[in-house]
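Protein chains: 2
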Amino acid sequence: MTDQRVRATYRIETAFALADAAASMAGEQSTGTFVRVPGETDEMREAHAARVESLTDLGPVERPSLPGSGLPAGGGERRAAQVTLSWPVSNFGPSLPNLLATVAGNLSELKAFSGLKLVDLQLPPVFLERYQGPQFGVDGTRRLAGVYDRPMIGTIIKPSVGMSPAVTAELVERLLSSGVDFIKDDELQADGPHCPFNERVSAVMRVIREHADKTGKKVMYAANITGDIDEMLARHQHVLDEGGTCIMVSMNSVGLPAMKALRAESQLPIHGHRNGWGMLGRSPALGMSFIAYQKLWRLAGIDHTHVNGIDNKFCEDNDSVVASARECLAPMFEPPHPGCEIMPVFSSGQSARQVAATYQALGSTDLIYAAGGGIVAHPGGPAAGVTALQQAWAAAVDSVPVEEAAREHPELAAALGAFKK
Amino acid sequence: MTDQRVRATYRIETAFALADAAASMAGEQSTGTFVRVPGETDEMREAHAARVESLTDLGPVERPSLPGSGLPAGGGERRAAQVTLSWPVSNFGPSLPNLLATVAGNLSELKAFSGLKLVDLQLPPVFLERYQGPQFGVDGTRRLAGVYDRPMIGTIIKPSVGMSPAVTAELVERLLSSGVDFIKDDELQADGPHCPFNERVSAVMRVIREHADKTGKKVMYAANITGDIDEMLARHQHVLDEGGTCIMVSMNSVGLPAMKALRAESQLPIHGHRNGWGMLGRSPALGMSFIAYQKLWRLAGIDHTHVNGIDNKFCEDNDSVVASARECLAPMFEPPHPGCEIMPVFSSGQSARQVAATYQALGSTDLIYAAGGGIVAHPGGPAAGVTALQQAWAAAVDSVPVEEAAREHPELAAALGAFKK
Numbered sequence: 492m493t494d495q496r497v498r499a500t501y502r503i504e505t506a507f508a509l510a511d512a513a514a515s516m517a518g519e520q521s522t523g524t525f526v527r528v529p530g531e532t533d534e535m536r537e538a539h540a541a542r543v544e545s546l547t548d549l550g551p552v553e554r555p556s557l558p559g560s561g562l563p564a565g566g567g568e569r570r571a572a573q574v575t576l577s578w579p580v581s582n583f584g585p586s587l588p589n590l591l592a593t594v595a596g597n598l599s600e601l602k603a604f605s606g607l608k609l610v611d612l613q614l615p616p617v618f619l620e621r622y623q624g625p626q627f628g629v630d631g632t633r634r635l636a637g638v639y640d641r642p643m644i645g646t647i648i649k650p651s652v653g654m655s656p657a658v659t660a661e662l663v664e665r666l667l668s669s670g671v672d673f674i675k676d677d678e679l680q681a682d683g684p685h686c687p688f689n690e691r692v693s694a695v696m697r698v699i700r701e702h703a704d705k706t707g708k709k710v711m712y713a714a715n716i717t718g719d720i721d722e723m724l725a726r727h728q729h730v731l732d733e734g735g736t737c738i739m740v741s742m743n744s745v746g747l748p749a750m751k752a753l754r755a756e757s758q759l760p761i762h763g764h765r766n767g768w769g770m771l772g773r774s775p776a777l778g779m780s781f782i783a784y785q786k787l788w789r790l791a792g793i794d795h796t797h798v799n800g801i802d803n804k805f806c807e808d809n810d811s812v813v814a815s816a817r818e819c820l821a822p823m824f825e826p827p828h829p830g831c832e833i834m835p836v837f838s839s840g841q842s843a844r845q846v847a848a849t850y851q852a853l854g855s856t857d858l859i860y861a862a863g864g865g866i867v868a869h870p871g872g873p874a875a876g877v878t879a880l881q882q883a884w885a886a887a888v889d890s891v892p893v894e895e896a897a898r899e900h901p902e903l904a905a906a907l908g909a910f911k912k
Numbered sequence: 492m493t494d495q496r497v498r499a500t501y502r503i504e505t506a507f508a509l510a511d512a513a514a515s516m517a518g519e520q521s522t523g524t525f526v527r528v529p530g531e532t533d534e535m536r537e538a539h540a541a542r543v544e545s546l547t548d549l550g551p552v553e554r555p556s557l558p559g560s561g562l563p564a565g566g567g568e569r570r571a572a573q574v575t576l577s578w579p580v581s582n583f584g585p586s587l588p589n590l591l592a593t594v595a596g597n598l599s600e601l602k603a604f605s606g607l608k609l610v611d612l613q614l615p616p617v618f619l620e621r622y623q624g625p626q627f628g629v630d631g632t633r634r635l636a637g638v639y640d641r642p643m644i645g646t647i648i649k650p651s652v653g654m655s656p657a658v659t660a661e662l663v664e665r666l667l668s669s670g671v672d673f674i675k676d677d678e679l680q681a682d683g684p685h686c687p688f689n690e691r692v693s694a695v696m697r698v699i700r701e702h703a704d705k706t707g708k709k710v711m712y713a714a715n716i717t718g719d720i721d722e723m724l725a726r727h728q729h730v731l732d733e734g735g736t737c738i739m740v741s742m743n744s745v746g747l748p749a750m751k752a753l754r755a756e757s758q759l760p761i762h763g764h765r766n767g768w769g770m771l772g773r774s775p776a777l778g779m780s781f782i783a784y785q786k787l788w789r790l791a792g793i794d795h796t797h798v799n800g801i802d803n804k805f806c807e808d809n810d811s812v813v814a815s816a817r818e819c820l821a822p823m824f825e826p827p828h829p830g831c832e833i834m835p836v837f838s839s840g841q842s843a844r845q846v847a848a849t850y851q852a853l854g855s856t857d858l859i860y861a862a863g864g865g866i867v868a869h870p871g872g873p874a875a876g877v878t879a880l881q882q883a884w885a886a887a888v889d890s891v892p893v894e895e896a897a898r899e900h901p902e903l904a905a906a907l908g909a910f911k912k
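Just so you know, the protein sequences line up as chains A and B, in that order.
Take the position in the first sequence, starting the count at 1, then add 491; the result is the number in this note's numbering.
Take the position in the second sequence, starting the count at 1, then add 491; the result is the number in this note's numbering.
None of these hints come from the bench; they were simulated from the model.
Just so it is clear, CB atoms sit at the ideal spot from N, CA and C, and this is done for glycine as well.
Do not rely on the hints blindly, as some may be mistaken.
[Said to hold, decoys possible] For the chain A half of the interface with chain B, some residues (derived, Cβ under 8 Å), not all of them:
no., residue
1, Leu557
2, Asn589
3, Glu600
4, Gly653
5, Pro684
6, Leu747
7, Cys806
[What the hints assert, rightly or not] Some chain B residues flagged as far from chain A (calculated, every beta-carbon gap over 10 Å):
no., residue
8, Arg633
9, Gly637
10, Asp640
11, Arg641
12, Ser669
13, Glu825
14, Val891
15, Pro892
16, Ala909
[Unchecked claim] No more than 20 Å apart at the CA atoms, straight line, and that leaves these computed lysine to any residue pairs for SDA-like:
no., chain 1, residue 1, chain 2, residue 2
17, B, Lys804, A, Ala508
18, A, Lys602, A, Gly566
19, A, Lys804, B, Ala514
Starting from the given sequences, assemble the full structure and let the hints guide the process.
Here it is in structure tokens:
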């Protein structure tokens with residue numbers, strides 16, 4: 492374990508000399524403190540100190556992105572840089588919680604920096620001795636949903652809150668008849684007294700089983716089991732008992748140890764909802780990129796995660812969406828270790844309009860393509876909405892422009908007419 | 492439960508009309524979505540919609556603090572505001588993980604906002620039916636440490652990593668002889684192969700027990716048990732078996748459900764380390780204030796937490812430090828419910844110099860005052876360092892200026908000579 496190292500890459504902003512600033516990050520998060528302390532021997536530094544592996548100057552910065560930073564004596568010019576640090580895993584053991592305290596602990600409060608964001612993370616395979624990674628991933632999810640060679644088409648139950656279990660099940664019944672492959676709870680819907688989890692899941696699964704009996708297609712329903720640990724385990728069991736095939740967890744709400752505990756017991760794919768990630772990811776100067784973030788959760792055991800969508804209604808730009816999605820499908824470890832690939836979930840204002848760009852960016856159909864309005868607001872009804880999305884995906888895979896494909900497919904033509912963006 | 496409401500206050504920044512922007516936050520996080528959806532009835536809105544409780548215009552903003560925000564048709568003037576929303580608890584139940592998805596979920600990614608930070612949270616007492624709050628708090632911690640009517644003087648084991656259990660115990664022995672009340676592991680020190688948790692705690696507790704046998708004073712050692720859930724429970728048991736009186740947990744590393752599970756089993760005060768909070772708290776435009784953050788963790792069961800210190804070496808300003816510390820001692824709930832007060836921990840560059848300002852700001856000695864250099868770098872040695880801190884606190888409580896008190900106390904005089912700030 493000793494010679495395996497964790498690498499973490501940061502975007503920093505500082506008025507101090509870049510090499511000094513990078514060295515101070517390494518010192519603060521390993522053998523040192525603000526200054527070299529009495530007990531810090533050369534042997535200890537050799538074995539335990541974090542190293543600056545690379546440092547790239549990204550040029551001057553006009554003004555500090557964050558408040559509270561200090562200046563070197565004499566001023567100094569504020570610059571941005573990308574720095575990669577490494578640590579021996581033996582400093583903390585292959586433990587995700589303790590890794591976090593090292594790579595994402597006090598660093599962002601250091602006074603030398605007016606910006607410090609964790610942008611990537613490379614973990615050595617020794618972590619696989621303690622963490623199981625995704626249990627189902629892309630292949631297992633496809634097998635349970637019975638959907639191959641095209642994206643899974645998904646939708647969400649809305650309104651988020653306020654419907655009883657019976658009303659929720661009626662809505663799900665209508666959504667099932669559209670031909671979707673995947674339906675998820677909203678992350679706001681959990682286990683309130685007006686829509687208790689167990690009753691909701693029982694009601695929803697009854698219509699899903701009935702639909703499966705009629706059509707042979709068991710639609711995957713991601714039931715939001717988010718809660719405390721005993722609650723999540725009990726809810727997982729209830730979903731399993733009802734014949735469900737997926738559980739959803741708000742990752743930021745539960746934390747990595749709870750996810751690990753759930754993964755150890757789970758017999759179902761875990762749909763990792765990233766709500767709240769904006770608090771960590773939206774600032775270019777602070778927090779953690781989704782690239783780094785999703786690696787932690789894949790190792791802990793999620794099988795799907797949200798990446799927003801092309802031209803989404805949130806504030807994330809397309810480059811970031813595409814980078815996140817590609818990362819979900821990229822291996823975290825080299826063979827013979829498992830790659831821990833997971834299924835990216837595209838959502839937020841998605842319709843047939845964004846399909847070609849999504850396929851072009853990802854080069855794969857291993858994804859869940861989730862649409863709300865893009866399905867239920869189709870002029871021909873939800874079934875036509877789902878058909879149009881499948882037509883758009885088939886066209887994209889065959890390199891046929893969507894407008895051209897629409898000439899032969901009236902559902903797709905109607906979708907393009909209805910959804911201008 | 493239905494009529495109890497959660498209130499959350501945000502600082503927002505938007506170019507849209509403030510009332511519309513606030514209404515969109517309420518809609519997105521309850522019955523609505525970006526637009527009113529078909530199934531959203533008036534009855535549903537009445538029972539479940541989030542409400543805008545107050546809205547205060549904070550004036551124009553020169554430029555967007557965060558990227559990715561949108562503009563209304565025709566432009567609009569960008570302004571800051573403080574907005575308080577409320578939700579019926581029955582939307583999600585008294586569940587901290589699901590509360591988080593509601594008050595700190597997708598909100599910060601909404602395109603209408605170039606800034607959105609959760610600055611305060613008011614939770615109704617129904618949460619106490621599910622969460623236990625602090626088990627020891629101020630009084631229980633004092634009882635275990637045997638320290639009354641003055642702050643507990645603490646210090647930290649440094650270097651953070653690299654010492655064997657035996658070398659750590661030797662260092663602790665020297666620290667014990669200084670007369671400190673409290674010693675903590677660094678958050679970087681967990682359970683690596685060079686300093687395994689069980690061996691370290693056994694070695695450290697042996698010298699602590701020996702010191703207690705000789706002096707009658709059992710120093711509180713906050714052993715960093717941060718890890719996965721089974722690991723934390725096993726480590727808690729080991730600390731208990733060795734006669735330890737405190738466990739330390741990195742809150743961001745473990746998440747609220749793991750803390751709740753630990754609290755349910757714990758027989759020791761939980762020292763909540765906030766490393767990583769800077770990622771959430773440092774930007775004025777994004778994330779979560781410590782005021783809001785610490786309430787979640789108090790409810791989940793911590794007994795102490797870090798608030799930085801006056802004139803600290805990090806980037807946090809003194810107003811923020813003081814507000815955080817006062818909040819730890821302020822009740823979260825009205826009687827007859829428990830207030831869930833906890834002990835604030837001051838640290839980072841603390842010496843006798845900051846004592847008067849700390850007491851003036853807090854108006855209390857219910858705190859842990861932790862110093863590293865402020866103790867071990869005292870010219871008269873660590874024991875003189877601890878004595879000087881106690882002298883400074885006695886003077887502060889008696890409203891005697893520290894320079895005046897130093898005339899009668901050589902240790903304090905030496906501290907003021909050595910620590911210029």
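Checklist entry - At a threshold of 8 Å, is the proposed contact between glutamate 600 (chain A) and chain B supported by beta-carbon distances? => result 4 Å, holds
Checklist entry - Minimum Cβ separation between arginine 633 (chain B) and chain A greater than 10 Å? => result 28 Å, holds
Checklist entry - Going by Cβ atoms, does glutamate 825 (chain B) stay more than 10 Å from chain A at every point? => result 24 Å, holds
Checklist entry - Quick one, is the cysteine 806 (chain A) hint okay against chain B at 8 Å, beta carbons? => result 3 Å, holds
Item to check | chain A versus serine 669 (chain B) - minimum CB to CB distance exceeding 10 Å, so not interface | outcome: Check passes; 14 Å lies beyond 10 Å.
Item to check | Closest CB of chain A to the CB of alanine 909 (chain B) still more than 10 Å away | outcome: About 15 Å separates alanine 909 (chain B) from the closest Cβ of chain A, which puts it past 10 Å; holds.
Checklist entry - Should the hint that glycine 653 (chain A) touches chain B count as held when the rule is a Cβ pair under 8 Å? => result 4 Å, holds
Next on the checklist: Is the claim that proline 892 (chain B) lies outside the interface with chain A correct, judged by CB distances over 10 Å?
Outcome noted: With a cut-off of 10 Å, proline 892 (chain B) remains clear of chain A, as the shortest Cβ separation is near 29 Å.
Checklist entry - Do the alpha carbons of lysine 804 (chain A) and alanine 514 (chain B) lie within 20 Å of each other, as the hint requires? => result 17 Å, holds
Checklist entry - Looking at aspartate 640 (chain B) again, its CB stays over 10 Å from all of chain A? => result Non-interface label stands for aspartate 640 (chain B): nearest chain A Cβ at 31 Å, farther than 10 Å.
Checklist entry - Does lysine 804 (chain B) pair with alanine 508 (chain A) here, judged by a C-alpha cut-off of 20 Å? => result 18 Å, holds
Next on the checklist: So arginine 641 (chain B) supposedly isn't at the interface. Is its beta-carbon more than 10 Å from every beta-carbon in chain A?
Outcome noted: With a cut-off of 10 Å, arginine 641 (chain B) remains clear of chain A, as the shortest Cβ separation is near 26 Å.
Taken one by one, the earlier hints all hold for this structure without exception.
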